[in-house]
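Residues per chain are reported as follows:
2 protein chains.
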Amino acid sequence: MRAVVLGAESVTFTADYPAPIPAVGEVAVRVLCAGVCETDLQLVRGYMGFRGILGHEFVGVAESGPFRGRRVVGEINASCGTCELCRQGLANHCPSRSVLGILNRDGAFADVVCLPQTNLHPVPDEISTRSAVFTEPLAAAFQIPAQVPLRSGQKVVVLGDGRLGNLCAQVLAREGCSVTVVGKHARKLALLSQLGLATVPLESLSRERRADLVVDCTGSPTGLATALEIVRPRGTIVLKTTVAGPQTLSLAPVVIDEVTIVGSRCGPFPRALVALRERQIDVESLIDGVYPLEEATTALDRAHTEPVLKFLLAVDPSSPPP
Amino acid sequence: MRAVVLGAESVTFTADYPAPIPAVGEVAVRVLCAGVCETDLQLVRGYMGFRGILGHEFVGVAESGPFRGRRVVGEINASCGTCELCRQGLANHCPSRSVLGILNRDGAFADVVCLPQTNLHPVPDEISTRSAVFTEPLAAAFQIPAQVPLRSGQKVVVLGDGRLGNLCAQVLAREGCSVTVVGKHARKLALLSQLGLATVPLESLSRERRADLVVDCTGSPTGLATALEIVRPRGTIVLKTTVAGPQTLSLAPVVIDEVTIVGSRCGPFPRALVALRERQIDVESLIDGVYPLEEATTALDRAHTEPVLKFLLAVDPSSPPP
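Residue numbers (my numbering), protein chains in the order written: chain B, 1 to 322; chain U, 1 to 322.
Possibly wrong hints are sitting among the right ones.
[To be verified] Far from chain U by the CB rule (all over 10 Å, computed), these chain B residues:
id	residue
1	Phe67
2	Gly81
3	Glu258
[Claimed, not checked] Where chain U lies over chain B, by a calculated footprint (3+ residues, C-beta under 8 Å):
id	segment
4	84–95
5	175–187
6	245–253
7	260–267
It should be emphasised that the hints constitute simulated quantities derived from the structure, not laboratory data. Computed from a predicted model, the values in this text were never measured in an experiment. For every residue, glycine included, the Cβ atom is placed at its ideal position computed from N, Cα and C.
So that you can see chain B by itself, here it is in the shape it has in the complex (with noise of 0.2 Å):
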């Protein structure tokens, strides 16, 4: 089959890549569409030493299970269920957990992909597959709710006009936050605009201490740095990105401030797909470009090099995402 495969040294697409057999409780999908993310391009620089097809983000058509020949998209992490974190409702923590396309499990950008049954949802009719290959990174935004209680009102300030920014910045103004979203590029920042949201450019963010919450989506080590600077006493940051490698920065206002510090990974499937049905939250419209899985990695370059939001891979040739 078709693969986008990440090596030691390089990114390359091959054609040739033997087709995955689905283990006992897994199910084949016939991916139809895959998105790529920032993560991807941290892999590629090394982040977590991964190997093999890459991509966590997509839609297919299962092909056995109760799912079968209905489109689906799939969580991402793989776990025992039977060890202790597992038994505790944390299976996204279990430690021997594979990730898809992250940790020792072949991702999506790939004709088929094999997940365990149970990380499938099957996707709603009203969601188009281009807006359904967004439920990953928009349950990701829902976690954020999902970890911290949230006033109507609160000042809440999103560092990151990215993809990932966006999309918290979206949910947690639905959620009733006075959010504003701090960045560094005028068009994203004039597409939050249009999406009703505040913004305002990283050179002119005022350094005073008055939000309530400060929510990392830079994937910069300058993140937290500024967050601490902005959040007032009492307040929390939560952190949605990864920063590969060792930081450097001042702690003791942590201490001073007494501020609370989260850290949030992977989110509620079930949500995200409701915020896609009943139309919450608007997906498409980060939606820079769609390429054909051949042309995988010119995409990842330029997702790298330029400054975009969403890069989609139409992986499906018979299937083009409407």
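Got chain B; can you put chain U on it based on the hints?
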């Protein structure tokens, strides 16, 4: 009056510092006894750039106001009372606050110290003066249950066998947690064992991610990194000690394991006084020596270079701590 003063170059004892004049709303307190804290040692090394009389842990006799003639302890943050944070009940975070012996306010290593009347708490007769000196650090330990929901039996690791680690461990054990203290000093760990707490020398610490809650009382840049190695996914790390200056560490585990980090500073004096009156917490076993005020610089030097727990300064020679 006599005072221990931090100048640009060094700490000096002087016998002729001008006696302070209480401002409106303030009370002069004749100091009986004071405690040397890790923060004092950090201030001497340049933390906060403080200049003036050191000392923020004290017991004294109020010279005016409703507690005139009675023994009192004092909260260390002197706030404006009118700003947004003060009105929200977050006076300890007032941006224009002074802090006793730490920020823009002369401290208690002196014959007389001034504080707002509202900062003072009378000391119940059942509490000895030498025990009451621990009210401030013990209140800081009680800030943990005030900030973090605790479950009976949950696994808590306290990093640091010093003054604050000892008090935090005792408080959390009393709250029903299963507490283990990790430290570097055989003598301090032995004292904790005598108090009924489990202890592990740092070099024997297993780096499994199993702790529900890790409390960093190390005052060391390595404390948070160690905490991240042993906290379970979705667990909590409380930072009790500040580290002056920038530190370098990888924060990716915070996101991947969805860890919550909570900065924690000053705590509730009334709760600490109840604990001392009811003898719920042992503090006297932490006292490693009592020095006259004239020998404060010796006490500071020894506290900096030797693994001592708590040195007291007997400020009023006519009323030595019993």
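Status of each hint after checking the structure:
1. Phe67: 28 Å, holds
2. Gly81: 16 Å, holds
3. Glu258: 5 Å, violated
4. 84–95: Coverage by chain U holds here, the residue count being 4 at a Cβ distance below 8 Å.
5. 175–187: violated (count 0)
6. 245–253: holds (count 9)
7. 260–267: With 6 residues in contact (Cβ-Cβ under 8 Å with chain U), the coverage given for the segment 260–267 of chain B holds.
Checked against the numbered hints given earlier, the structure breaks hints 3, 5 and satisfies all the rest.
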